Amino acid sequence: MIYYLLKGLHLLAMGVWLGASITSPLDILRTLARGRPYVDLIPEQVARADKIMIPAAALTLLTGLGLMQTTQGFVTAPWRFWAGFGLTVVLALIGKLGLDPTKKQLAVAVQGSGEAALVGNLRGRFVSLVTAWHVGFLLIFVLMIYPF
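In our numbering, the protein residues as written are 1 to 148.
Some hints could be false.
Stated by the list, open to error - Using 20 Å as the maximum straight-line C-alpha spacing, the simulated EDC-like pairs for lysine to aspartate or glutamate come out as follows: (1) Lys104 x Glu115; (2) Lys104 x Glu44; (3) Lys51 x Asp40; (4) Lys51 x Asp27; (5) Lys104 x Asp50; (6) Lys96 x Glu44.
As the list claims (entries may be wrong) - Here are the computed distance ranges between Cβ atoms for each label pair: (7) Ile145 x Arg36: 41 to 49 Å; (8) Gln72 x Leu138: 19 to 27 Å; (9) Ala83 x Tyr38: 36 to 44 Å; (10) Ala116 x Phe74: 48 to 56 Å; (11) Gly8 x Pro43: 30 to 38 Å; (12) Gln105 x Trp79: 33 to 41 Å; (13) Lys104 x Phe74: 32 to 40 Å; (14) Val135 x Gly35: 27 to 35 Å; (15) Ile145 x Ala116: 36 to 44 Å; (16) Lys51 x Pro101: 13 to 21 Å; (17) Val142 x Ala92: 14 to 22 Å; (18) Pro101 x Leu41: 14 to 22 Å; (19) Arg80 x Thr131: 18 to 26 Å.
In case anyone wonders, no lab produced these hints; they're calculated from the structure. Since the model is a prediction, treat every value here as computed from it, not as a measurement. For glycine and all other residues, C-beta sits at the position ideal for the given N, C-alpha and C.
Please take these sequences and the hints and turn them into a complete structure.
Here is the structure:
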């Protein structure tokens with residue numbers, strides 16, 4: 001019974017995390033394309049996305065560890081589960097060390113001088129980090145689903 005509860009929570013949290021990580025960057029990029037006065041909404045968009053993604057990411061990680069423990073145990077868990085766990089930690093680091101500062105710098109840049117070159121560079125970095133994030137999600141998905 002605990003297995004099904006953990007699996008349901010894991011899939012739900014992962015879906016929320018993935019869904020928010022897809023829609024939030026698209027909203028931010030659309031807002032950037034509209035220019036003033038819409039760009040003033042970016043800090044609010046970032047804060048709202050973080051309120052959803054951070055708890056969902058933590059719950060995904062914790063329920064994933066719980067599933068590993070209840071099914072095979074940590075010692076006998078297949079390598080692909082450990083690889084998925086490691087990639088999840090990498091995604092969290094990309095989010096914390098890459099995406100968070102970039103989103104904050106982007107919000108400051110569009111509210112301040114709004115220099116096109118600076119905003120363009122930050123937009124490019126943001127798109128690159130989001131792309132890396134989604135490639136990581138895809139790799140985790142393949143590792144969890146396909147029994148190598």
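For which of the previously enumerated hints does the structure constitute a violation, in increasing order of number? Result: no hint breaks.
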